[in-house]
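Colleague: I would like the entire structure built from these sequences, with the hints used as guidance.
As they're listed, the protein sequences go chains A and B. Residue numbering for the first sequence follows full-length UniProt numbering, starting at 1 and increasing by one per position. Residue numbering for the second sequence follows full-length UniProt numbering, starting at 1 and increasing by one per position.
No lab work stands behind these hints, which were simulated from the structure alone. Glycine included, each C-beta is placed from N, C-alpha and C at the ideal position. Keep in mind that a hint or two might mislead.
[Said to hold, decoys possible] Some chain B residues well away from chain A (every beta-carbon gap over 10 Å; in silico):
#1 Arg161
#2 Leu207
#3 Leu269
#4 Glu325
[Said to hold, decoys possible] Sample of chain B residues at the chain A side, in silico, Cβ under 7 Å:
#5 Thr44
#6 Phe83
#7 His85
#8 Phe100
#9 Val326
Take a look at the letters that make up each chain.
There are 2 protein chains.
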Amino acid sequence: MPATYTLIKKDTETAARVGVLQTSHGSIHTPVFMPVGTQATVKTISPEELKDLGAEIILGNTYHLYLRPGHDLVAEAGGLHKFMHWDGPILTDSGGFQVFSLNDLRKISDEGVTFRSHIDGSSHFFTPEKVMEIEMALGADIAMAFDECAPYPCEIKDVQRAVERTATWAARCKEAHRHSYQALFGIVQGGTIRELREKSARDITSLGFPGYAIGGLSVGEPKPLMYQVLDYTVPLLPEDKPRYLMGVGSPDCLVEGVARGIDMFDCVLPTRIARNGTVFVPEGKLVIRNAEYARDFSPIDENCSCYACRNYSRAYIRHLIKCNEVLGIRLTTIHNLHYLVDLMKNIRLAIGENKFGEFRREFFARFKV
Amino acid sequence: MPATYTLIKKDTETAARVGVLQTSHGSIHTPVFMPVGTQATVKTISPEELKDLGAEIILGNTYHLYLRPGHDLVAEAGGLHKFMHWDGPILTDSGGFQVFSLNDLRKISDEGVTFRSHIDGSSHFFTPEKVMEIEMALGADIAMAFDECAPYPCEIKDVQRAVERTATWAARCKEAHRHSYQALFGIVQGGTIRELREKSARDITSLGFPGYAIGGLSVGEPKPLMYQVLDYTVPLLPEDKPRYLMGVGSPDCLVEGVARGIDMFDCVLPTRIARNGTVFVPEGKLVIRNAEYARDFSPIDENCSCYACRNYSRAYIRHLIKCNEVLGIRLTTIHNLHYLVDLMKNIRLAIGENKFGEFRREFFARFKV
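Modeller: What follows is the structure, encoded as structure tokens:
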């Protein structure tokens, strides 16, 4: 059974909606935030901790897993789920974003992308067919098509070429993808240019995928511009399929994305800032490394029910982080992921009660970006 | 209630014995290995994981906690147990070993030791009274007296002076120690010189402590020499009090220490080598980073019941460690501590059945040092 989406309820004030995405490894309640497990592990935490904090699906990175330990090795281990001891749903990206980020190390043609490994400089060639082979070997529940992600800012002709390649490559991916339970999602590109987003949405939706992602955002453009692109792009995607905004994970963007009809999000932000000693609180971000928390014996957030907040003080977590003790970044990671998972749960509840507009206003009255 | 020791059974072939040490935070079954939690955390793992792997007591380091976050802050947090969310027994060392290890950074007099912080170079002065103040503030169940640990090798006169200072300081520690439930243990020094060990044992036992440690071993001397020192030193300690061999943690040394009547051990070895990608197996040490385990999908040890062995393969753990992923060193740390805790449990069972001699022979037939 590939991923099947069921739309449950639409908000009347905004484009927000709740749904369920069913996969062979369990159901995902949308809108959902997906923690990123780049190298077959969500940095610092265990699968049990992920379950405990409420994560329903995680993301794996094709580029990284291809290089280390290798997709063939993961397949030999019985697939990514078994290899990393996570029995819930997994989505793998296509590696497109990563290889296009390797500026000086890559060369693009219509056939595919030649790039050098960031680990040992070795040369590799990704084509849509190769990426499908890798993603099928990894065996995630949802695979993403291989796309070209244009940077921001960028010349129109480059965005245009990326849109065209993304369409051709999506067709080649669909052709090459053969898997009993893995769903293949298409990706819409087009930068911040309305006409190109419209073209890409037409190209990709006409191929027919069980889910659609919006790529090429959150790559440096201002947030209002990203919201504008979502405003005109989301309505171009079929209502009966899940919509995934790639690479977005700050709390304010999640709320705004949901308001525009997005169902799925992923980002390294919550785990990355956690490792720097920054945590989410209802008022925004709190830098727990700061001296002002040295003797603060209250939890990160009095009203948070995560493992870190139930058992540890800001003073202790600060001490651990100042001393480079791993438990410190484990606790901030758990808290930040729990914060986002909990935010999405509350968003779903609000939509269910048709109060999402109110929820959104209250959120922004408190949360300082 | 300070720590109370009850001798339960003595082996007939060796000096091994089983007992129970009761503290306000629970009972400890001896012989016991104590994981080291230097900076108010056993590196990489949580208190729940420690409980789960069977740890009954952990160690905290006075020197490190004094410098960061400061004993006054820990006291303000409600003591070390509460600060670090560990409700089982804790033992704090005296900081003696650490400040004497700071070679160029310290100056010793009969009054105490002036040393510089390894963190910021600031100057500090430890006296027996100061150390008692710190250990009482930390509030562990067992505190260690402030001693002078002579290095190895070392001139006789230096060992002699260390033995004398250790005696004077032990008396001053006993005088200064006032705590309702914390037990103060004395430390016997004397290097590898029999007469000095005898003198130190007389000095320290005559003061009367609820437990005795043997310090100044495992500081670079050959293992046979350490065993020899234990052979003549342990019998000088009262039978009705627990005996603690400081800084020893390799599996072979635990077995040999137990055979000579030692009840308690601590060492950073299992957690330190874990972070380097080395794990204990019944045959000795296994370097899981090695290429030969890249496609080894079996657990570290088929017969081990730890969290790492129940859920993950060598290939996966190797992958994590090669990628510097924290979960990798969490898993090797859990495994190594579980290995030692389990070893001690099996040792206690063997002594209980009066089969420790056999256990010891079988252990060494398999374990390659």
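Colleague: Hints first: check each against the structure and report whether it holds.
Modeller: Verification of the supplied hints:
Even its closest Cβ contact with chain A, about 34 Å, leaves B:Arg161 beyond 10 Å, as expected for a residue assigned away from the interface. Distance to chain A confirms B:Leu207 as a non-interface residue, since its nearest Cβ pair spans about 35 Å, more than 10 Å. With a closest Cβ-Cβ approach of about 18 Å to chain A, B:Leu269 is found to remain outside the 10 Å limit, as its non-interface label requires. Its closest Cβ contact with chain A, about 5 Å, brings B:Glu325 to no more than 10 Å, contrary to its assignment away from the interface.
With a cut of 7 Å, the hint placing B:Thr44 at the interface with chain A holds, because the nearest CB-to-CB distance is about 4 Å. For B:Phe83, the suggested interface contact is upheld, since its CB lies about 6 Å from the closest CB of chain A, less than 7 Å. At its closest, the beta carbon of B:His85 sits 5 Å from a beta carbon of chain A; the interface hint therefore holds under the 7 Å criterion. Contact between B:Phe100 and chain A, as hinted, is not supported at the beta carbon level, the nearest pair being about 22 Å apart and thus beyond 7 Å.
The restraint placing B:Val326 at the interface with chain A holds, with a minimum CB-CB distance near 4 Å, inside the 7 Å limit.
In terms of the numbered hints stated before, the structure departs from hints 4, 8, listed from lowest to highest.
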